[in-house]
Amino acid sequence: MKKIVYISLVLLVLSACLMTSAACGNKIETKDCVRIHVRANSNSDADQSVKMKVVEKVVEYLTPRLAACRTPSDAKKEINAAISEIEKVANGVLAANGKKYTAKATLKREKFPTRNYDGINFSGGVYDALIVELGTGSGDNWWCVAFPPLCFVPEENSENFRYRSLIVELIRKFKEEQ
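Numbering (our numbering), first residue to last: 51 to 228.
Treat the hints with care, since some could be wrong.
What the hints assert, rightly or not - Subject to a maximum C-alpha distance of 30 Å in a straight line, what follows is the list of computed BS3-like cross-link-like pairs (lysine-lysine):
{"hint": "1", "residue 1": "LYS127", "residue 2": "LYS158"}
{"hint": "2", "residue 1": "LYS107", "residue 2": "LYS127"}
{"hint": "3", "residue 1": "LYS149", "residue 2": "LYS103"}
{"hint": "4", "residue 1": "LYS138", "residue 2": "LYS127"}
{"hint": "5", "residue 1": "LYS107", "residue 2": "LYS154"}
{"hint": "6", "residue 1": "LYS107", "residue 2": "LYS161"}
{"hint": "7", "residue 1": "LYS126", "residue 2": "LYS107"}
{"hint": "8", "residue 1": "LYS138", "residue 2": "LYS103"}
{"hint": "9", "residue 1": "LYS107", "residue 2": "LYS158"}
{"hint": "10", "residue 1": "LYS103", "residue 2": "LYS127"}
{"hint": "11", "residue 1": "LYS161", "residue 2": "LYS103"}
{"hint": "12", "residue 1": "LYS138", "residue 2": "LYS161"}
{"hint": "13", "residue 1": "LYS150", "residue 2": "LYS103"}
{"hint": "14", "residue 1": "LYS158", "residue 2": "LYS138"}
{"hint": "15", "residue 1": "LYS127", "residue 2": "LYS161"}
{"hint": "16", "residue 1": "LYS154", "residue 2": "LYS138"}
{"hint": "17", "residue 1": "LYS126", "residue 2": "LYS158"}
{"hint": "18", "residue 1": "LYS107", "residue 2": "LYS150"}
{"hint": "19", "residue 1": "LYS149", "residue 2": "LYS107"}
{"hint": "20", "residue 1": "LYS154", "residue 2": "LYS103"}
{"hint": "21", "residue 1": "LYS161", "residue 2": "LYS126"}
{"hint": "22", "residue 1": "LYS138", "residue 2": "LYS150"}
{"hint": "23", "residue 1": "LYS103", "residue 2": "LYS126"}
{"hint": "24", "residue 1": "LYS126", "residue 2": "LYS154"}
Source of the hints: derived by calculation from the structure; they are not laboratory data.
Model the full assembly from the supplied sequences, consistent with the hints where possible.
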């Protein structure tokens, strides 16, 4: 009897996982996202390199400010309130790297193509986005999602997670009782 109960429980858990995974489909709705794009001045190695330095500092600046946001509206308000500071952060990086051009930050709605970020599909469409243009902004861009915070997850804590599988634990428990 115990064997039937455990097998039934394992099948129930597996079914729930499959249904949840199928329902979610790793798709986030456009209306729920606020993207961030940092557009390089050009595609030269120097401009692409400084773009990544700007990305690092802007993300570092925004992370604590967006941590408390619970809705896209909260995130947009926080970003709007910080636009001039975001420009200061970006311009500081540009100046420190000897660049003569400046950064311009804006929060606006913009059309983007279908993209994939870390296994999540973003349908093409109009998204709210923080756009940080460096100089002419004609180079390749870096992007991620500021809300929900897909690119604002502290890396130093990533090694502190220990994953457990309910199914594996149930199988171990079943084997121990045999």
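Going down the list of hints, with the structure as the test:
The straight-line distance between the Cα atoms of LYS127 and LYS158 is roughly 12 Å, inside the 30 Å bound, and the hint therefore holds. For the hint pairing LYS107 with LYS127, the CA-to-CA distance comes to about 20 Å; that is within 30 Å, so the pair holds. Between LYS149 and LYS103 the alpha-carbon distance is near 12 Å, which keeps this suggested pair within the 30 Å criterion. Only pairs whose Cα atoms come within 30 Å are accepted, and LYS138 paired with LYS127 is accepted, the gap being roughly 18 Å.
Simply put, LYS107 and LYS154 have alpha-carbon atoms about 15 Å apart, close enough for the 30 Å limit, and the pair holds. Our distance criterion of 30 Å between C-alpha atoms is met by LYS107 and LYS161, whose separation comes to about 25 Å. As the CA atoms of LYS126 and LYS107 are separated by approximately 19 Å, the hinted pair is consistent with the 30 Å bound. With a C-alpha separation of about 14 Å, the suggested pairing of LYS138 with LYS103 holds against the 30 Å cut-off.
Between LYS107 and LYS158, the direct Cα distance comes to roughly 21 Å. Compliance with the 30 Å bound is thereby established for this hinted pair. Between the alpha carbons of LYS103 and LYS127 the distance comes to roughly 25 Å, so the proposed pair stays at or under 30 Å and holds. This hinted pair checks out: LYS161 and LYS103 have alpha carbons roughly 26 Å apart, not beyond 30 Å. Proposed proximity of LYS138 and LYS161 is supported: the alpha carbons are some 26 Å apart, at most 30 Å.
For the hint linking LYS150 to LYS103, the alpha-carbon distance of about 16 Å falls within 30 Å, and the restraint holds. Taking the CA atoms of LYS158 and LYS138, the gap is about 19 Å. The hint holds against a cut of 30 Å. Straight-line distance between C-alpha atoms of LYS127 and LYS161 comes to about 20 Å, which keeps the hinted pair within the 30 Å bound. Restraint check for LYS154 and LYS138: satisfied, since their Cα atoms lie roughly 9 Å apart, inside the 30 Å limit.
A hinted pair counts as satisfied when its Cα atoms are at most 30 Å apart, and LYS126 with LYS158 qualifies at roughly 9 Å. Restraint check for LYS107 and LYS150: the C-alpha separation of about 18 Å stays at or below 30 Å, so the hint holds. About 16 Å separates the Cα atoms of LYS149 and LYS107, which keeps this hinted pair within 30 Å; it holds. At most 30 Å may separate the alpha-carbon atoms for a hinted pair to count; LYS154 and LYS103 meet this at roughly 16 Å.
Between LYS161 and LYS126, the direct Cα distance comes to roughly 17 Å. Compliance with the 30 Å bound is thereby established for this hinted pair. Between the alpha carbons of LYS138 and LYS150 the distance comes to roughly 14 Å, so the proposed pair stays at or under 30 Å and holds. The hinted pair formed by LYS103 and LYS126 meets the criterion: a straight-line CA distance of about 23 Å does not exceed 30 Å. Taking the CA atoms of LYS126 and LYS154, the gap is near 17 Å; set against the 30 Å cutoff, the hint holds.
Checked against the numbered hints above, the structure breaks none of them.
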